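Going line by line, the protein sequences match chains A and B.
FYI, the numbering for the first sequence is 1 to 460, going by the numbering used here.
FYI, the numbering for the second sequence is 1 to 150, going by the numbering used here.
Simulated from the structure, these hints should not be mistaken for laboratory data.
None of the values given here were measured: they were computed from a predicted structure.
A couple of the hints might just be wrong.
[Unchecked claim] Examples of chain A residues lying across from chain B (beta carbon under 10 Å, computed):
id	residue
1	C10
2	G13
3	H16
4	V83
5	E85
6	K88
7	G179
8	E363
Each residue gets a CB set at the ideal place from its N, CA and C atoms; glycine is no exception.
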Amino acid sequence: MKKLLAVTGCATGIAHTYMAAEAIQKAAKEKNVEIKVETRGASGTENKFTEEEINEAHAIIIAADTDVDAGRFAGKNVINVGVAEGIKNAHGLIAKALAMNEIAKKDYAEEVNKLKQERSANMSGAYKHLLNGVSYMLPLVVAGGLLIAISFIFGIKAFDPSDPEYNRIAEALMTIGGGSAFALMVPVLAGFIAFSIAEKPGLAPGLVGGMLASSTGAGFLGGIIAGFLAGYVTKWLKENIKVSKNFEGIKSILILPFLATLIVGLLMTFVIGTPVKGIMDGLTDWLTGMSSTNAVFLGLLLGAMMAFDMGGPVNKVAYTFAVGLLASNVFEPMAAVMAAGMTPPLGLWLATVLAPKKYTIDEREAGKAASVLGISFITEGAIPFAAADPLRVIPSIMVGSAVTGGLSMLFGATLRAPHGGIFVLPIPNAVGNVLMYALAIIIGTVVTAIVVNTLKKSKE
Amino acid sequence: MDLVALINEQIISLELSAESKEAAIKIMADKLLESGFLSDRDKYVEAVLVREQKGSTGVGFEIAIPHGKSAGVKRSALAIAKLNEPIDWQSLDDRPVKMFFLIAVPQEQAGDEHLKILSSLSRKLIHEEFRNQLLAAKTPTEIIDIIKTI
């Protein structure tokens, strides 16, 4: 049933205010419409609307010659007439109000999407270039990681012809996933970082630099360096090699790729490759050999980072770090990071379910949308809540995510694919120790919900 | 509700003759002065007419509720008049007025009581049965009895 609101007010506040109110109430009763009328008269405001009533109203009739604080009705259907009209034409006003179109309910998934786009548009500098590379690299990692996982269904070494469990299909899957998709990971990362900086001429030197990073063992760190190197070298060459107009074509198809690739290639081979390999090896050794205390600590840290800015720069650093490690066959941080990225939206959804009175109707709706975003590992789903109440929400989600990250590392969960949320859990071998992993996510969700509800006051 | 303080038989006229709404208002204001509700009749009338200019108090249904809030008013009052000949009041529904309620309110209100009475009266006037009762009343006492049902 459509609910209406009406507010009346006149200059002196003695007569017309109440006559309009009465007329509107009478007309509504005759039409069998539910209405609440607020009067702003000489003896003050009577029957003042609550926020909930405004939220639920289909339309608001203002029949007043005086100020009625109409800012409250932003975004709602409003009819604005003088108080005399309220007396004269109450029936007409109600009919008009009922005929107004339903205002479309906010679509939260769309809003979160818009937010993500705005963020991308506002990024600048090195961060933007890095993320460009990552975004082109991700599909390769997803496809490659999942295909490798599936090949393991046949047996951990089923891809190996010399192994008793050998299977032709498993071998093919491993070649496709590991030998091809994963092998392209670092070159593509480097190539598109360079592309972001220097456009098409940067692609070739970037790809080659990344290839060399892989082959020298410099891993994803080497790939990042190669990408920036290729990009800025190409850019510098582009700006500093001046040719006449006839040779512009030659410059971009021959001179730039040739010189840039030469420079980047030589630098990667003779200067950058070995030291960075040393760093990567050290990092990988440290990560795989970590004591469980240190592992948990790393999980806590990565978790907190994921929640701190929900898809922003800090989150992306933790994420990129975890994804990059997949290239070095380290799979635990990836698990921790994805779990920790799911608990902020999931935890906030749970919070609105457990203590609905602490949230506005809008927030409860947002909670439902957040639950879907959360299971899909879209951390940005928590942003509307954090924006509305940062001092309570952000610490809560950080605690929840840290707990999840720590638990995931403690349970030794592994994840071979950099995305997918809940949907990768059933894929065999994609997640190592999947039941404990799921438990880590559940615990983190509950912790987030409890902490944020403890901090929030009731909305009454 | 302290209705008795607001109204009495002296300020009810069931057979008023006047050529215009201004004249009608002035005649009833005189009665208010005689009954001791006003300290300055001219000031009060001016307030009523100013209010009238802002927007006609002829609310339709052949009824008008001219009113004024003024320092010239000692105590709140409700004067009632039925007209022998309907007067043009520039009403919302363009019909001439047969009956009007002249309301007087002091500048500073000590309490809300009279406002509540007046707002209740205004609400009741929207209902046809109430209006018809008043129009049918033959003596001031009857009128007061009907008003008491607010």
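Do the hints match the structure? See the list:
no., hint, verdict
1, C10, "holds, 8 Å"
2, G13, "holds, 8 Å"
3, H16, "holds, 7 Å"
4, V83, "holds, 8 Å"
5, E85, "holds, 9 Å"
6, K88, "holds, 5 Å"
7, G179, "violated, 85 Å"
8, E363, "violated, 38 Å"
Comparing the model with each numbered hint stated earlier shows that hints 7, 8 do not hold.
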